[in-house]
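K.L.:
Guided by the hints, dock chain B onto chain A, whose structure is given.
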Amino acid sequence: MPSSLEGALFVFLLATFVGFEVIRRVSPLLHTPLMSLTNAISAISLVGSIVIAGAEKSQLSTILGTIAVVCSMANVVGGFVITDRMLKMFKKREPGR
Amino acid sequence: MIAAYFIQVSYIAAAGLFILSLRWLSHPTTARRGVRVGELGMLLAIVGTLVHREIVSYQWILVGFVLGSAIGLPLAVFMPMTHVPQRTALSHAFGALAAGLVGTSEYYLHTGQLTAFTMAVLSLEVILGYMTFTGSLMAFGKLQGLVPSRPIVYKGQNVVNLSLLALAVGIAVYLVVNPGRSELFPAVAGLSLLFGVLLIVPIGGADMPTVIALLNSYAGLSAAAMGFALDNNLLIVAGALDGSSGFILSVIMCRAMNRSFTNVLFGGFGQVQVAVGAAEQRSVRGATPEEAAAILEAASSVIVVPGYGMAVAQAQHKVRELYDLLTRRGVDVKFAIHPVAGRMPGHMNVLLAEADIPYDRLVEMEEINPEFPRADVALVIGANDVTNPAARHDKTSPIYGMPILDVDKARTVMVIKRSMSPGFAGIDNELYYMDRTMMLFGDAKVFAGELMKELTGTRVGS
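So the protein sequences, as listed, match chains A and B. According to this note's numbering, the first sequence is numbered sequentially starting from 1. According to this note's numbering, the second sequence is numbered sequentially starting from 98.
So here's chain A without its partners, still in its complex pose (with noise of 0.2 Å):
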C-alpha cells in the first residue's frame, strides 16, 4: 500500500505536531490526570482488537484478538473513570470554609 504510506505519515506528523502544541499547555499540576487520560485515549487501539476478535479467521487470531479487547477495553474504561475521579479533586479555594 505504497499511496497509503505518504497519508499516513502525514497524518503522523500532524498529529504529533498537534500534540506537542496542545500538550505543552497542560498545567504542571494536572500531568498525572495528563498521563491517565492520554493513556485512555491511546486506548483506541481498542478497535484495531475488535475487527481482529470479530472476524474469526484463524483461532489464533481470534485468541490474542480477545485478549486484546480485553486489555484495551480495561484501559478505556479505568482511563477515563480514573481521570475524572483526579480531576474531581482538584478544587480552588472556598471562602469561609
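Because the hints were derived from the structure by calculation, they are not lab data. Take the hints with a grain of salt, since some may be wrong.
Which residues of chain B face chain A? A partial, calculated answer using Cβ under 10 Å [to be verified]: (1) E136; (2) P276; (3) F282; (4) N313; (5) V334; (6) E451.
Owing to the predicted nature of the structure, the values given are computational and were not obtained by experimental measurement. Ideal Cβ positions, reconstructed from N, Cα and C, are used throughout, including at glycine.
P.N.:
Chain B in isolation, oriented as in the chain A frame:
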C-alpha cells in the same frame, strides 16, 4: 458502503474530539469537560467499528468488553491516589500488550502476503509493544515493591541490553527482506519481551517519573505503529498524541533532574554511593513540637515543601489540617511543588488535591523560588534531594546542576524527618546542618498532629 462511510465519519469525529479533550485538560476549570469529550470520542469510534464488514461474530468482542471493564473499573475506582503510578504502569502494560498481540495476529493472518512496508511497521509495533509490556510490568513491580526498587547493575549491562535490541531489530529487518522465514518471528517477540525486562532492571526508584513517562511514549508509539499497519488514521492520531505527551513529560522530568535520557536509561543512578565528606560529623539542631509551634505561631508566611515521604507516611490529611488552622489565623500558606516530587509527573499535586488543599495554593518551582527569601518558615515534609543546596554549588555532588527548591533561603527551615538517613541519591543534605534549620525528628503524620495540638493549645495528657 454506507457502513464504510459511517466508520470514516465516526473516526474523523473521534480524532477531533480527542484533540479537543487534551486541549481542555490544560486547565482545572475545563479539565472535566475534556474527559467527557474524550469519552464521547471513544464511544463514537467503538460504535463505528462495530459495524465493520469483517466482523462476523460479536461473541468474543462482548466477552472482551465485559472482562476488560471488570478489570479496568475496580483498578480505577478503588486504587488509592498514592498508588496511581502503579496503576499507570499497569495500564501502559495493557495498552502495549494489546498492540503487540494485534501485531502478532496480523502477522500470522497475512504471512507471506505482507508488503515490505506493512511488515516493517508490524515489526515496529510488535517490538515496541512487547518491550513496553514487560518494561511496564517491571516498573509496576518496582513501584509496588514486588521487585527490589534499587537499581541492579552489572558490568557490560548496556552492551548486553543493546545487543538484544539490535538482534531483535536485525531479525525483523531480515524478515522484511525474506518474508518466507516466518519461523523467526517468535524470536523477535521473545527478544523484545526480554529486552523490556532488562531495560528497567538497572533503573532506581527515584527515576520512576522519567521512566513511566518514557514508557507512556513507547506505548503511544506502538499504538501509532498499529495504525500504520492497519491503515487506520484514528489510531495514528491517538498514538501520536499519546507518544508526544509521554515524550514531553519525560523531557520535563529529565530537565527537573538535570539529566539526559541516556543517563536515566543507562546510568544506573540511585545506587547507594558513599558521598564525599560524609564521614565528617556535623551537628544538627533538633527541636520539639513546642519550639516549632512557637515559631509557626509568629510566622506570617509559610511555604510547605512536600515530598514522597509525606505520602508514604500518609500525612497529607494532617498537613491539610495544619494548613487550615494556619490559614484561619491569617498565615499565608503555600505549597512548593518540585516537578519530580512523587513517583510520576504531577503525582504530588494529586495527593494534595485529594487531601482537599485548593490547587491555587500549589505552586510550581520556578514561581515559588523567588518567594523563599521572603518566607518566615519553610516546612519540609518528606522531601530531601530536591532541597539540597549542594545542587547549586558543589560540583562534586552527584546532583550538581539539578534545579532545586531554594528552601535554604527562608528565615527558618523546619525539616520533619524520621532519621538522618540520606535520600534516593544516597547523599547527605547540607540543609540539615544550617544554623537556621530545625530538625523535627519523627513520623510526619504524628509530628504534624503534635504541631496541631500545640497550636490549638489543647494538648492532652502529660
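K.L.:
Taking each numbered hint in turn, which are not upheld by the structure, reported in ascending numerical order?
P.N.:
2 and 3
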